[in-house]
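The hints should help you fit chain Y onto chain R, whose structure is shown.
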Amino acid sequence: MSISLEGVNKHFGQFQALKDISLDIPDGQLTGLLGPSGSGKTTLLRIIAGLESAEHGRILFHGKDVTRLHVRERRVGFVFQHYALFRHMTVAQNIAFGLEVLPRAQRPPAAEIRRQVADLLEMVQLGHLSSRYPAQLSGGQKQRIALARALAMKPEILLLDEPFGALDAKVRKDLRRWLRALHDELHFTSVFVTHDQEEALELSDRVVVMSAGKIEQVGGPQALYAEPESRFVFDFLGHVNVLGGSLEQQRLSQGDAWVQMPEGVDCAGEMQLYLRPHEVRLQNCPALHAHLPLRIESISLIGAEVRLELTPCGWDAQEPWEVGISHVEFNRWQPQRGDRCYAVPDVGHLFGIEQTRPRTLNWVED
Amino acid sequence: MSRTQSTLRIGDQPWVKWSLIGLALTLTLLLLVIPLVLIFAQAFSAGPGSLWSNLTDTYTLAAIGLTLFVAALTVPLNLVFGVFLAWLVTRFEFPGRKVLITLIDIPFAVSPVVAGLLYLLLYGSNGWLGGWLADKDIQLMFAWPGIVMVTVFVTCPFVARELIPLMQQQGRDEEEAAVVLGASGWQLFRKVTLPNIQWALLYGVVLTNARAVGEFGAVSVVSGNIRGETNTLPLHVELLYQDYNVAGAFTSASLLACIALLTLLVKSFIEWRQARQRMPVSDQSDSI
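Chain order of the listed sequences is R and Y. Sequential numbering of the first sequence, starting at 1, is according to the UniProt record's numbering. Sequential numbering of the second sequence, starting at 1, is according to the UniProt record's numbering.
Just chain Y, same shape as in the assembly:
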C-alpha cells in the first residue's frame, strides 16, 4: 500500500509527533541526564586520589554505615508489616477495612518534614511519651532509633500498595484449595501465597529500600546532625556542601546516585519478569 493511501491515526501528524518527541528529549536532557552526569563529573573533578580520600573519610564512612543500618532495619520491618496488612485487607471482611486501606496512604500524603516534627513532638524529651521514656533513660530522638522510626513511617506504604491490588485480583480460590488439601497456615503462605506475590513483593522492597536510603526531610528533623553518629548519607551531603567541600558533597551524592541507578536496574528487571509471568502462554490446540 502506498504511503498516501494509509489513513493517519488521530494526532499522527508528523510535525506534532516530532515536536513532542523533541520537547520530551530536551526536558529529559535538561532535568535528568545533565544533572546526573554532573554529579559524577563533580565527584571526579579533583582526581581519583581525592575521590578515594573523600570516600574513606571517617565521617563519610560513618554516614554510609548508618544509612545501610537504617535500611537494613527498615526494609524487613516494612516487608513483614506490608505483607500482613495486605493479607488482612484482602482476605478478611471487617468493619473499617476500607478506612484502613485509605489510612495506608497517609505517609504518602503527609510531607516527610511534618512526619518528622510529629515524631519529635511525641517522642522528644519534652514530648508526651518521650518525657516518660527519658525518665527510664531511653532516648529515641536525635539518635538512630528515631531515624529508623521516621524512615519506617515514610516507607511503610510501598510493600502494601504493591501487594493489595495483586492479591485482590488473584482472589482467595487458590488459598482455599490449598487449605482443603490439608495445608497448614505456614505451608499455605510459603507454597501458595508467596510464590504468587513474590515479584510484586520484591518490587515493593526495592522501592522501600530506595526511599529508606534517600530519605531526607523526616530524618533531618529527628537526627540532630551529629557527625559520625546520627548523620545519614543524604544529610551528610548537605553538611559537606554547607562546609564548602563541594567535591566531598558530590562524592557522597554520586554514591546515592549509584544506588538509585541500581534500583532502577532491579526495578526494570522485576517489571520484565512480572510482564512475562502475566503473559498468556501460546494457545494450546489439544482437545479436552
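For reference, chain R alone in the conformation it holds in the complex:
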C-alpha cells in the first residue's frame, strides 16, 4: 500500500517540527527516514501512524485520504523504539492482543488465534518463549516479539521507530539482516526511522534524509552517497574531507595546500572542496595537480580496509581527514604514525560559499 504525504506541517508549541512535508512512499518498498535527532523524522512516522495529528496537509494510503482517520482505524503495524510490550502479559498474550480486541464479529475463534500466534512465534524464531513475560527477555527478543505483535494484524504498512536503536552492535546487525529478509518475503510497505547512516543505507530501498523539519533529499542509497544534493546530506552521510580556500586562476589554495582544478572550471572566490575517503589517494610525494601535505595521526587496522586519520601540515581543516587504503597497499607502504604524506584527489565536489548544490570534478582521464 503506497503512502503519500501532501504539505504536512506540525508545531509543538513554538517549535516547528515539520515544515511543509510532501513525500511519496511507493508500495512494497523499505524506506528509511534518516536524520539527526530533532530533525522531525519520528514525528513524521507518528503522523503517518496517526499517533500525532498533522496541521494542514493530507495523508493518503493507496490514494485514500486517511488524515481524519483515527489510529485505531488505520490498521498500520507500529514497532516502538522501546518495544512497548505489555508487561503484565506473556509473549503469546502480547502477540494475540491485536486479534483479541477485534469486534466479536471479526474476531477469529480462540483456537485460530492460538494457531496464528504459534505461526508468528515460529516466524520470529522464538516459539520456545511463548509463556515468558517481557521482563524475562533480552533486548533483541523483545524487538522480535514487538514485530510479531505488529504483524499479527496483517498490516499492509509497517512503521518502525528506531527499531535497532537500543541494541548492541552484533544483535543489531543480525536483526537488520533478518528484517530485510522478512520484508522481502512478506512485501509490505515499511518505513523505519534511524539516525544511523550505515543502517539506513544498508537496509533501505530508498532513503529520505531529513534535517530541521525538512526533507533534504530522497533517493536510493547509491544515488544519495554518490550524488548528494546538499552540503547537509554530504556531511551527514559518511565522513568527508574538506579543503576550504580561495579559488583563483583555476587553483584552490589555502596555506601550503593547493589543488589545480580540471579543465573547464572557470569560477572564482571562496570555495570548499569536499572529498570522500575513497576518492582520495595517498602518496609519498605531491602530484602535479594537488599539493596536500598531511601527517598520519592514527591507523585503524580493523575492517575491510585500513583507515588513516590525518592532520593537515601547513594548512587548516575543521575536522581531521580520513582516508582508506587496502591492506595490500598498507603492507607494501608500511606507514607509521607521524609519517608525512600527500593526498591526491581523483574525484571531488566543489561548493561555493552560497551554493547548496556541488559541482562534481574529475581529475582522472577515462
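In case anyone wonders, no lab produced these hints; they're calculated from the structure. A virtual CB, placed ideally from N, CA and C, is assigned to each residue, including glycine. Worth double-checking, as some hints may not be accurate.
[Said to hold, decoys possible] Which bits of chain Y does chain R cover? Going by a derived footprint, with three or more residues having C-beta under 8 Å, they are: (1) 169 to 176; (2) 226 to 235.
[What the hints assert, rightly or not] One-sided excerpt, in silico: chain Y residues whose CB lies under 10 Å from chain R: (3) I106; (4) A109; (5) V180; (6) A183; (7) S184; (8) L188.
Same frame as chain R, but now just chain Y:
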C-alpha cells in the same frame, strides 16, 4: 576474616547502634504498643457479657452502620475521581496541569476542621448555596450527605497521589501500542492501563477507606452529633467517653483499632506484591 580486621561502616559504632535501637523500641512501646493493648484491655475490662451488650447497643450499631455507609459511598467515588484525575494529568498536556497537580494536595494541607467549617458556611441553611437548597427542602449539613461530602473532600488525594507517579513513570508507550493494535478506549483501560496500576490503585483505596472510617475533625463539624442518625463511629467514641461510659467508648474504639490493624495487614500485603512485581526477574542467558 577476623572481627578486628573488618572496617566499620560510618556510624557503625556498637554503642550508637544499640542506643538508637533501644530508643526506637522504647518510643514504639510507649507511643504505639501500650495504647493499642490498653484499648482492648479497657474494652474487655467489664467482661465479655458487657462487651457484647456495648457492641449491640442501638446507637453503637447505628454508628457502625453510618460509618460503613459513608465509606461505601466515599471509596468508589474517590476511586473513580482519582483514576480520572491521574489519567488526565499524566496523559494529556494542557495549560494549568502543574497547578492542578498541586491543587490535589489541598485536602492534605488544610486542617479537616477548617474543611468542615467551609462546607458548613457554604452548604449550611444560612450559607450561600445552602439557603437556596433549603428553599428546595434539601438539607445537606447535619445529615448524612454532609458527612459524605466532607469525607470525600478529606480523602480525595489518596488514590490520585498513588497513581500519578506510577503512571508518569510507566509512560504512554503501552497505551499507544494498544490503540495502534485496534483497542477501543474501554479495552485500553481494562486490558492495559488497569493491570499496570492495579496494586497502586488498591493501595490508594485501602488508605482512602482507612481515612474515611476514621475521620473525626471535618465530620464532627458538619454532623450535628444526633445519636442514631448522624453519629459516626469516631464521634460515637467521643460521645460515650463524655457520658463517662468508658467501657462503651473503648469497645467502639477497639472496633476502629481492628479496622486499622486490618488496613495495615492489607497494606503490607499490597506493598509486598508491588515489590515482587517490580523485582527484575532472574537474568536470561538465551541469545537473541
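Inset, instruction - May I ask which of the numbered hints given earlier this structure violates, with the numbers listed in increasing order? - result: 2, 3 and 4
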